[in-house]
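Enquirer: Below, each chain spelled out in residue letters.
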Amino acid sequence: MPSSYLWLIPLLPFAGFLINGTVGRKLPRPAVTGIALLSTLIPALLVAWIWSGVLAGAAPISIVSAPWISISGFTVNFAFTVDHLTAIMLAIVTGVGFLIHLYSAGYMAHEDGFWRFFAYLNLFMFFMLILVLSSSFLLLFVGWEGVGLASYLLIGFYFKKDSAANAGKKAFVVNRIGDFGFLLAMFLIVAHFGSLDFATVFARASMFHLSGGFLTTICLLLVVGAAGKSAQIPLYVWLPDAMEGPTPVSALIHAATMVTAGIYMVARCHVLFDHSPTALIVVACIGAATALFAACIGLVQTDIKRVLAYSTVSQLGYMFLACGVGAYSAAIFHLMTHAFFKALLFLAAGSVIHALSGEQDMNKMGALRKRIPVTFWTMTMGVIAIAGIPPWAGFFSKDEILYQAFTSTNPVGKLVWAVGLITAGMTSFYMFRLWFKTFFGESHVEEHSQGHDNHGGHAHGVHESPAVMLVPLAVLAILSIIGGWVGVPEALHGHDEIGHFLAPVLSSGAAEAVEGSHGTEIGLALVSILTAFIGLGVAYFLYIVKPGTSTKLAITFKPVYTLFENKFYVDEIYAALIITPLQVFSRLFLAGLVDGGVASGVPSMTAAGVRGLGSITRKMQSGNIRSYAGWLALGAAAVLVFMIFVHVR
Amino acid sequence: MNFDPYILSIITFVPLAGALLLALLPDKGKTMQWGALAVSLFTFLCTLHLPAHYDYSAHGYQFVENCPWIAAPAINYHLGVDGLSLWLIVLTGFLAPLGVLISWNAIPKRKKTFYILFLLQQTAMFGVFVALDLFLYYAYWELTLVPMTILIATFGRTEKRRAAAIKYFLYAFIPSAILLVAVLWLYVQTGTFDVPKLTQLASVHGISANSPALWLASLAFLAAFAVKVPVFPLHGWLSDAVAEAPTAAVMVLVGKLGLYSILRFSFGIFPDESHRIAPLMIALAAIGIVYGALIALVQKDLKRLAAYGTLGHVSVAVLGIFTFTIAGLDGGIYQTLNEGLGGAAFFMLLGLLYERYQTYDMREYGGLAAKFPWMVTLFVITTLSVIGLPMLNGFVGEFLVFSGSMQWSLAHGSSFWWTALATSGVILTAAYMLWMIQRVFYGDLGIKSETVTGWDLDAREHIALWPLVAVFLVMGLASPYWTKAIDTFGAAASYPMSIYSPYVVEYNKTHHHGHVTLSIRNADGTMQQPKPIGVVDPSLAADALNKPAPQTNKGARY
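Sequence lines, in order, name chains A and B.
Residue numbers for the first sequence follow this note's numbering, so the first one is 365 and each next one is one higher.
Residue numbers for the second sequence follow this note's numbering, so the first one is 3 and each next one is one higher.
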């Protein structure tokens, strides 16, 4: 592909945003849909064109345009680079993005503000593409902040609902905490390397033995940024609330693409991380902790979208863990398969919600498999994929991560492997729990129910979704099955194509996993398959064989259950420890005491002093401006005399 | 015909002539509005002459006018423009017609007084930016005070307007009186009011050998300017004045006059003192950013929220310029422009809300988004500019400032905590701005929005607001167009871009024009001397291998 066409990839969605954002209100719905779909379809086709070159072995494409910021000694250009890593990300973003746009055309068909939705969705695509295409930290940051903005707008799409408006604001502010870390990291990079261009910074970083603490500082600050965007402990709190947005948004932004930006960034900066073992240990621990923690919460949630949200947090933790043990290509592999099956799961969940006219509570579902068969079968593919059962996609990527963790030289490698394995079992359990509760057992559907989501608007019986929604489901279901076959390890007589494909970008030599024997690899794979089936078995037992057991368990282990159900009270803890004290401090101490008292008090006293002095000496023109001026002139003269005197001495 | 020799006088006096014209015209119908609009638009067109004919490759002052005015004491009518003042003048010209448009219906009575004062304020501000004679400058500086005070006292929103006006006047006037003393002292010492000459003298330490007196004089300068900016904790006048003043006056109240004066006079005439006081100013600025944002977070009154937010934003500019890095200075000046634009847009929008509902109390609003789609769009765009979203203008300024601040921190061996504190402002600013949007526009309809009907933007309001949005975008995407002028000033007044990184120091020496000696600290404990291990880029590696260790100039540390 001619490299100048590269600009079209982000700019077409932006054009779509501009058109729908300005005149979309007046356009008929098919026109709005057409504009939005075309402005994502064409970039997807261009990406396919790029792929034809990449697969033929073409060199990475780079283009540089006008400078964006330019001062003496420091310039940042608008510049894009497509290497192997970017190519994969582009394919995910445009491919999954287009499918979700298509689905949205059906899902959102009855909504007010249809045009607004598609404008924001295109805006998101624009920023996400900038994010993956950029060849410098600063331009990446443009996309980084931009997707945050799009996410804010889309979470708050139903802005009349307070919960949606709150969730949008929360997402943006928590992301800003991460961005704060990212910004500080960039400032340090500028100060130390004098550039923000990836190639330059990485070349300079690997040219020297930069063992100093500053590189660790930079990496840890980047981790703060990644933790904000990719919903890791302690900044994950915004993601579950983000489910207030329409379901296609949850699928695209809060599962498949935007939230993986942190993983992408860490992988992109692996040269820096490889120089800092400390930072890698931190990344691995954060990832493992998040994976386990979110899985615990996911065990007991009853809102179908919340289960998926916590499972997303948990899976992102997996990818973080992979980065921490230096298995960057495994992280990107899992990012890809996760994009397929998690987008599928969300869209299928959306289809279920659509069928039930807005119901999201799994306790009010059940026995839906016959009534919405296409949704059932496609969702089943997603559930099996995420549970890690071969040969579905999720198995290969998850297994690769666990294997690399087990054999890694990272001191916490074995520990995070164990945590990852336990999490895999829990994931399998709660996903099958979701599956059984939704599609099997007795029906708890309230016929003609009007759910609490704004979605629906027209209550009628349980119904399968229209074809425009089912086609994306089918495509994603196929990808969830075969998507992992590009990464079949050599131990299983595969070729690990994706690992070799990414090697030019991601292999560094420094933190490569120690090659284990094929025997180890097969053994570990069997363990993780066993774990997945245990999760499936427990779920089957609790929800199908003896449906009442789970309630009894919940009563038996009430403290633990309550803790999980209330998400470890993290939101409440943050409110009590950070937000409330900050507000009280600002209101009482700063606004009340300092600003009301000291800052305005001292000058008022001066004024009062001047006034008092004026009235005592002469009661000429009390209190008006002229008398102050007179006094000031006198005082000024005195100071002048004094200063000249000081000088002459 | 070549206007270059007179253009600055034309820009300065067109508003004054306009004010006289308005005084003669009858105050009937919309005469005053149209008259003021015509004058301010014409002035704006004149200011555009400057960037169009500016020589971006040259240093020093351009469009200079210099003729004797008073023989003894030697006062000259000396005007000129450089990279620092160029865009501030255009900004002043740009905001004036918008101010007229936004006051169109908001000022229904005593229109003649209002627009005459408004135009007088214009003349005074242009004068401040172009005057290169200290005496002339001082006259304009004092003149800025008078129309503003009367505007607040006469057109304020509540009965507290007089108190607010007096407070503002005293805050500005007391330090100005002391400033006058310092100006006269300078004249006694040097026999000149000429700013370029004084700057020249200062660079060779020729103003005075009496360093305590120099210190006092520099503090007199800095204090007068810092109050006007305002720099924390001298902002006592700010929230009252902002809360009272009519929109068109608030738009020009804060920031640029004081910041310009610090850069031109404090830095120019007292370079050593300015460098020495920089750590204090950086600390105050970092505190001011967080302080302003935290107080804004708990305001219920929209205009006070904006006032404290403004304190935070001007503090960013203060932080930048006192780092004496190129990034900091360029970013600080850019941020001054941003603050002028973003603040103007924000206050204009608040004024529109007030026109509809006669209240600035956020608790009475709510749910307006469904009623006013255009207004919420503009509010959100302005918010994004103010909170520094990349691709809009705010980000460029903030990024450069904080980046410069980080270089300063590292170069001084201090940890980066001041920069971290200042940067945390990006979180708090987003928090209070988005919360404000939520409380005014989202959720259920508020008391006022329910009972009082308003209307979405009309054509005049659209015309007043969209130019600002366009400028946000262009300045966010094509910043070099502005920084190429600003950088000529920043590069001359700064230490090099990065005094920490060996690569960049080498690169920057060629860009170093100032009188300040180059200061390079050897790497301290946090960074070891780099050792090359392999060739990545041949030229780079050669550079690193052959280059001697950076010289440590012990004398230049401050």
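Bear in mind the hints are in silico, worked out from the structure with no lab data behind them.
Computed from a predicted model, the values in this text were never measured in an experiment.
Even glycine gets a Cβ: it sits at the ideal position worked out from N, Cα and C.
Incorrect hints may have been included.
[Claimed, not checked] Just the calculated beta-carbon pair ranges, DEER-fashion:
# : chain 1 : residue 1 : chain 2 : residue 2 : range
1 : A       : 413       : B       : 479       : 22 to 30 Å
2 : B       : 479       : A       : 934       : 36 to 44 Å
3 : A       : 893       : B       : 479       : 48 to 56 Å
Enquirer: Could you run down the list of hints and mark each one as holding or not?
Expert: Against the structure, the hints come out as follows:
no.	hint	result
1	413/A to 479/B: 22 to 30 Å	holds (27 Å)
2	479/B to 934/A: 36 to 44 Å	holds (39 Å)
3	893/A to 479/B: 48 to 56 Å	holds (52 Å)
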